[in-house]
Amino acid sequence: MSDENGVAADQPVPDESTAREATNWAKAVSRLNVSEVPEGAMNLNVEGRRLASPIQGFGKMWQKTYQIRIPTAKVSAVDLVETWKQNFPDFWPEGNQFYGPLTGIAPGEVAVLNMTLPGKMKLSTGVMVLYADEESFTLMTPEGHMFAGWITFSATEVEDETVAQAQVLMRASDPIFELGLTLGGHKQENVFWEETLTNVAKRFGHEGDVDTAVVCVDQKRQWGRWRNIWQSSAIRSTFYMFGAPGRAIKRGLSRKS
Amino acid sequence: MPEETMTFEVRPAGDTARVIDINGDITAQSEGVLMDAYGRASDDGVKSIVLNFSPLDYMNSGGIGLLVTLLVRAQRQHQSVLAYGLSEHYRQIFELTRLDEAVHIHDSEEAALSAAGVS
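Line by line, the protein sequences give chains A and U.
Position 233 of the first sequence, counted from 1, bears residue number 232 in numbering that gives the first Met the number 0, the numbering being contiguous throughout.
Position 24 of the second sequence, counted from 1, bears residue number 23 in numbering that gives the first Met the number 0, the numbering being contiguous throughout.
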């Protein structure tokens, strides 16, 4: 016997908070598992890795907030986030690939990222969707990523404007990435997210400036975490790229035999 | 939940610990209320901040971010952060985000205060 909502009368009805917990958060996993890798994607540094919060990172801790304001008449907060989730890779700057599930952003999904760093260096890493609801979603990084932490994408309506926001809470994962961030990496990251937000606004027919606010939450580096360098996606991706000619020759020989 | 409907009460527990009762939701909008509660809890000589999650209604990823920020502030003051009253779901979230490596989780207020050295 069911009520008008299709809920069996003798079943306990979960309260609103419990239902939100179950649908919005990723299920607990100890290590990441990449289910599908598209052809042409470099899939390194994700499978079997643990997630890493800012607590596990090495460098100074930063909170970076990027915002763009769009007239609410053009898009509501909920519609903006829905579009962002469904078309997330489309908004990334050129030269960077986000290989996520075709169904869009959903809690627990793991995506492979192929990024282009200065000097045309290719870097393979990934993210897991930690959280997603109607007005926000959060991607968390695995060990070995450039930074340990997460990025929350959200939208809110303030008076007659929809404010689209990307907020990063992070520490550089290891001493090499910390050095890279200090020597221009922070600036490059700012440009990356400013371009992303500009692209989101363009989707809704709006052009505007991105407001960027950068706060150093913790000046201290966590020197005890220097060993994170062994999992560095930059080092592992570089070795992988150097080995590409050798792998091509090996493939060619095995086809002939 | 609007910020003004959250209440984060601060209770003394001995001379060296304070308990913050997390009542309502913790989201990015809770920053002012949570940091105000932390400020009230951080008297001279306080070595442990105990977070009581029993009355928690809901926490999103913005809330987890706030806890990390609170943790950094506490570490700067050489304070430890402990927690109790987490539901099974949020215990798993603490494990998933590896917040449990820095926030000591206990089953009850008694256990948390005992770990904080409050008899």
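If you are wondering where the hints come from, they were derived from the structure by calculation, not from laboratory data.
Note that the Cβ used here is the ideal one computed from N, Cα and C, for glycine as well.
Certain hints may be false.
[To be verified] Straight-line alpha carbon distances no greater than 30 Å define the calculated DSS-like cross-link-like pairs of lysine-lysine that follow:
| no. | chain 1 | residue 1 | chain 2 | residue 2 |
| --- | --- | --- | --- | --- |
| 1 | A | Lys26 | A | Lys73 |
| 2 | A | Lys219 | U | Lys46 |
| 3 | A | Lys73 | A | Lys59 |
| 4 | A | Lys201 | A | Lys119 |
| 5 | U | Lys46 | A | Lys119 |
| 6 | A | Lys84 | A | Lys26 |
[To be verified] Just so you have them, the derived chain A footprint on chain U, three or more residues with Cβ under 8 Å:
| no. | region |
| --- | --- |
| 7 | 39 to 52 |
| 8 | 65 to 71 |
Cross-check of the supplied hints:
1. A C-alpha spacing of about 35 Å is found between A:Lys26 and A:Lys73, which places the hinted pair above 30 Å, so the restraint is violated.
2. The hinted pair formed by A:Lys219 and U:Lys46 meets the criterion: a straight-line CA distance of about 20 Å does not exceed 30 Å.
3. At roughly 38 Å between alpha-carbon atoms, A:Lys73 and A:Lys59 are farther apart than 30 Å, so this suggested pair is violated.
4. The straight-line distance between the Cα atoms of A:Lys201 and A:Lys119 is roughly 27 Å, inside the 30 Å bound, and the hint therefore holds.
5. Annotation: proposed proximity of U:Lys46 to A:Lys119 is violated, straight-line Cα distance about 49 Å (limit 30 Å).
6. The suggested pairing of A:Lys84 with A:Lys26 holds, with an alpha-carbon distance near 19 Å, which does not exceed 30 Å.
7. Residue count for the region 39 to 52 of chain U with a Cβ under 8 Å from a Cβ of chain A: 0. That is fewer than the three needed, and the coverage hint is violated.
8. Three residues within the 8 Å Cβ limit are the bar, and the region 65 to 71 of chain U against chain A gives 4, so the coverage statement holds.
When each numbered hint is compared with the structure, violations occur for hints 1, 3, 5 and 7.
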